[in-house]
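Sequences are here, hints too, so could you generate the full structure?
2 protein chains.
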Amino acid sequence: MTPRILLPEHLIRTSLIRGITVDTPMTNPVSEQAFLAQYNIHDFDVPLTTVDMAIFTLREKRLEVLLVKRAQHPAQGKWALPGGFIQLGQDHSLEDAAHRKLLEKTGVASPYLEQVMTVGNAKRDPRGWSVTVVYFALIASDSLRIQPDESSEQVAWVPVKEALENYGLAFDHQTLLATCHARLKSKVLYTALPVHLLPDAFTLTDLQQVFEILLDQPVEKKAFRRRILDAGILEETGGMRTGQSRPAKLYRVSDKQQAHCFPRNIEGPR
Amino acid sequence: MTPRILLPEHLIRTSLIRGITVDTPMTNPVSEQAFLAQYNIHDFDVPLTTVDMAIFTLREKRLEVLLVKRAQHPAQGKWALPGGFIQLGQDHSLEDAAHRKLLEKTGVASPYLEQVMTVGNAKRDPRGWSVTVVYFALIASDSLRIQPDESSEQVAWVPVKEALENYGLAFDHQTLLATCHARLKSKVLYTALPVHLLPDAFTLTDLQQVFEILLDQPVEKKAFRRRILDAGILEETGGMRTGQSRPAKLYRVSDKQQAHCFPRNIEGPR
DNA sequence: TATGTTAGTGTGATAGTGCCACTATATTAG
DNA sequence: CTAATATAGTGGCACTATCACACTAACATA
Chain A
1 MTPRILLPEH LIRTSLIRGI TVDTPMTNPV SEQAFLAQYN IHDFDVPLTT VDMAIFTLRE
61 KRLEVLLVKR AQHPAQGKWA LPGGFIQLGQ DHSLEDAAHR KLLEKTGVAS PYLEQVMTVG
121 NAKRDPRGWS VTVVYFALIA SDSLRIQPDE SSEQVAWVPV KEALENYGLA FDHQTLLATC
181 HARLKSKVLY TALPVHLLPD AFTLTDLQQV FEILLDQPVE KKAFRRRILD AGILEETGGM
241 RTGQSRPAKL YRVSDKQQAH CFPRNIEGPR
Chain B
1 MTPRILLPEH LIRTSLIRGI TVDTPMTNPV SEQAFLAQYN IHDFDVPLTT VDMAIFTLRE
61 KRLEVLLVKR AQHPAQGKWA LPGGFIQLGQ DHSLEDAAHR KLLEKTGVAS PYLEQVMTVG
121 NAKRDPRGWS VTVVYFALIA SDSLRIQPDE SSEQVAWVPV KEALENYGLA FDHQTLLATC
181 HARLKSKVLY TALPVHLLPD AFTLTDLQQV FEILLDQPVE KKAFRRRILD AGILEETGGM
241 RTGQSRPAKL YRVSDKQQAH CFPRNIEGPR
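So the protein sequences, as listed, match chains A and B. The first sequence begins at 1 in my numbering and counts up one residue at a time. The second sequence begins at 1 in my numbering and counts up one residue at a time.
In short, the hints are calculated from the structure, not lab data. Worth double-checking, as some hints may not be accurate.
For identical chains, the list gives no copy identity; a pair is met inside one copy or between any two copies.
Stated by the list, open to error - Each computed SDA-like pair below joins lysine to any residue, with the alpha-carbon atoms no more than 20 Å apart: (1) K222 <-> A248; (2) K185 <-> P263; (3) K161 <-> K187; (4) K69 <-> P269; (5) K123 <-> H260; (6) K78 <-> A170; (7) K249 <-> Q208; (8) K222 <-> L204; (9) K249 <-> S31; (10) K123 <-> Q90; (11) K161 <-> G84; (12) K123 <-> Q87; (13) K78 <-> R124; (14) K187 <-> Q115.
Structure below.
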């Protein structure tokens with residue numbers, strides 16, 4: 001039952017601070033400056049820390065997620081959520097790291113981005129104790145341009161159902177993806193999150209269809225329109241979309257930062 | 001504008017894997033075993049990783065949070081949320097680490113524990129790039145026994161309002177606490193979370209009072225009772241609480257793991 | 001037995017939703 | 001030009017969980 005090579009015992013160092021004696025805590029005579037000068041993070045055992053993302057988009061009336069085929073060990077050749085280490089010199093924050101990953105993979109600069117959870121334990125990565133901070137992003141498929149990564153990894157949009165069922169994702173990424181998907185679906189019940197899967201201008205029918213795809217069940221037209229319009233989160237662009245029939249008003253999100261929460265869940269058919 | 005001593009430039013190492021050449025990704029000839037044998041986490045720059053907790057309880061009809069006076073640098077002498085490094089050899093997972101912290105500080109073994117968020121950036125800790133995974137816990141005040149920590153830190157229960165306003169918490173802990181508090185308050189609108197702040201057996205009036213404290217506004221009795229009872233998350237213990245007046249039925253939570261979500265928010269007075 | 005106090009209920013109003021038939025306005029076929 | 005088709009958008013009632021508040025119930029104590 002020790003399937004993986006972990007860090008050898010002798011590499012597990014203590015977490016006590018080397019060279020500093022703490023006699024009576026509150027009268028520690030060492031100044032903070034002196035303390036920090038002596039402090040070296042490499043004296044400690046720290047977990048691996050990564051950022052992973054579930055990047056969702058809508059293509060051909062299906063919810064799809066971006067997967068990456070791992071070019072390197074571990075889990076070489078397996079599909080995985082895009083992600084990787086934080087670049088301490090470059091990323092100012094976790095969100096920075098997530099934005100960077102997203103830009104690298106999709107060319108999208110300002111998506112909807114939400115932190116979902118952080119998973120950390122000794123077993124999830126064969127390299128040792130590892131922590132991953134997981135985000136999900138929503139982007140409009142019209143805004144993305146897949147570009148062959150400089151690391152020339154294989155990248156693909158995969159329907160979420162398939163990714164969960166048939167892709168044998170690396171590490172615990174199936175669980176991570178399932179959690180992201182569950183979070184997305186649950187938020188559809190009481191927010192207007194799906195607007196972020198649409199282009200800047202869209203019709204109410206477009207939006208309703210997105211809800212129906214995400215909820216995987218029909219949504220009643222009138223109730224839906226009332227709910228969305230009364231919330232005051234959209235504004236008319238002034239334009240109309242013409243087609244084979246009566247033209248439809250185009251809307252845009254009035255404040256992309258604002259995340260409206262409805263006081264009730266969508267109930268669905270009774 | 002460089003107020004703190006950070007890691008000297010020469011300590012910032014590259015994130016490339018030493019001694020392994022990746023020529024064509026998918027035909028990497030090194031086996032996973034060989035890869036892992038060569039892998040040493042100390043070759044990389046990794047952030048500091050900690051777990052911090054907002055441990056809430058109810059004392060004298062106020063919501064209070066556990067604070068710890070820091071015995072060591074950095075931020076020595078300041079009040080902070082309890083937390084600390086993950087013990088890689090001991091904690092199997094982040095939740096383990098959180099449970100350990102909680103047990104150390106309060107003696108409570110099985111509280112309600114929820115991950116709130118993870119904050120990571122280069123500035124929040126003077127020791128360098130750091131990540132903290134933040135949890136909140138709810139415990140019943142009757143179940144806790146504060147024990148002087150072995151590190152003999154000063155520990156105190158502080159009303160949340162005071163902690164946020166007058167305590168000048170260490171690092172970014174004021175923000176962390178504020179976010180935990182906001183999360184708790186928002187979940188009170190659509191869950192029965194406050195049951196975890198009560199002892200095993202309680203009356204509906206007890207529970208209503210907790211809601212009123214957390215929401216900071218009155219709650220209508222009949223509507224509240226129907227809401228809670230119809231949800232089917234409580235069961236009668238069979239016992240009654242007697243007092244100066246009509247005895248009240250005692251209830252317990254029927255399934256502590258189950259987190260019921262109501263289809264509507266508590267609306268409060270109109 | 002009366003009174004105070006808290007537990008618990010009966011019942012109508014309110015508001016956001018579901019439901020469904022209806023009208024409105026465009027394109028396209030004849 | 002007219003009718004058919006198709007989708008956009010509305011009117012209006014039903015439903016349900018809530019709010020509101022007055023009421024009854026049960027116990028302790030004087």
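A quick look at each hint next to the structure:
Taking the shortest Cα distances, K222 and A248 sit within 20 Å of each other inside one copy (15 Å), while across copies they are farther apart (46 Å). Proximity of K185 to P263 under the C-alpha cut-off of 20 Å is found in both arrangements, the shortest distances being 17 Å within a copy and 15 Å between copies. Only within a single protomer do K161 and K187 lie at most 20 Å apart by alpha-carbon distance; the minimum there is 18 Å, versus 30 Å between protomers. For a Cα distance limit of 20 Å, the shortest separation of K69 from P269 qualifies neither inside one copy, at 40 Å, nor across copies, at 54 Å.
When the C-alpha separation of K123 and H260 is checked against a cutoff of 20 Å, the pair qualifies neither within a copy, at 38 Å, nor between copies, at 31 Å. In this assembly of identical chains, the alpha carbons of K78 and A170 lie at most 20 Å apart only when taken from the same copy (6 Å versus 43 Å across copies). Within a single copy, K249 and Q208 get their C-alpha atoms as close as 14 Å, which meets the 20 Å cut-off; across copies the closest is 46 Å, which misses it. Only within a single protomer do K222 and L204 lie at most 20 Å apart by alpha-carbon distance; the minimum there is 11 Å, versus 39 Å between protomers.
When the C-alpha separation of K249 and S31 is checked against a cutoff of 20 Å, the pair qualifies neither within a copy, at 65 Å, nor between copies, at 58 Å. Proximity of K123 and Q90 under a CA criterion of 20 Å is satisfied inter-copy only: 13 Å between copies versus 28 Å inside one chain copy. Taking the shortest alpha-carbon separations for K161 and G84, neither the intra-copy value of 24 Å nor the inter-copy value of 39 Å comes in at or below 20 Å. For a Cα distance limit of 20 Å, the shortest separation of K123 from Q87 across copies, 14 Å, qualifies, whereas the shortest one inside one copy, 23 Å, does not.
For a Cα distance limit of 20 Å, the shortest separation of K78 from R124 inside one copy, 15 Å, qualifies, whereas the shortest one across copies, 36 Å, does not. Taking the shortest alpha-carbon separations for K187 and Q115, both the intra-copy value of 13 Å and the inter-copy value of 17 Å come in at or below 20 Å.
Checked against the numbered hints given earlier, this structure breaks hints 4, 5, 9, 11; the rest are met.
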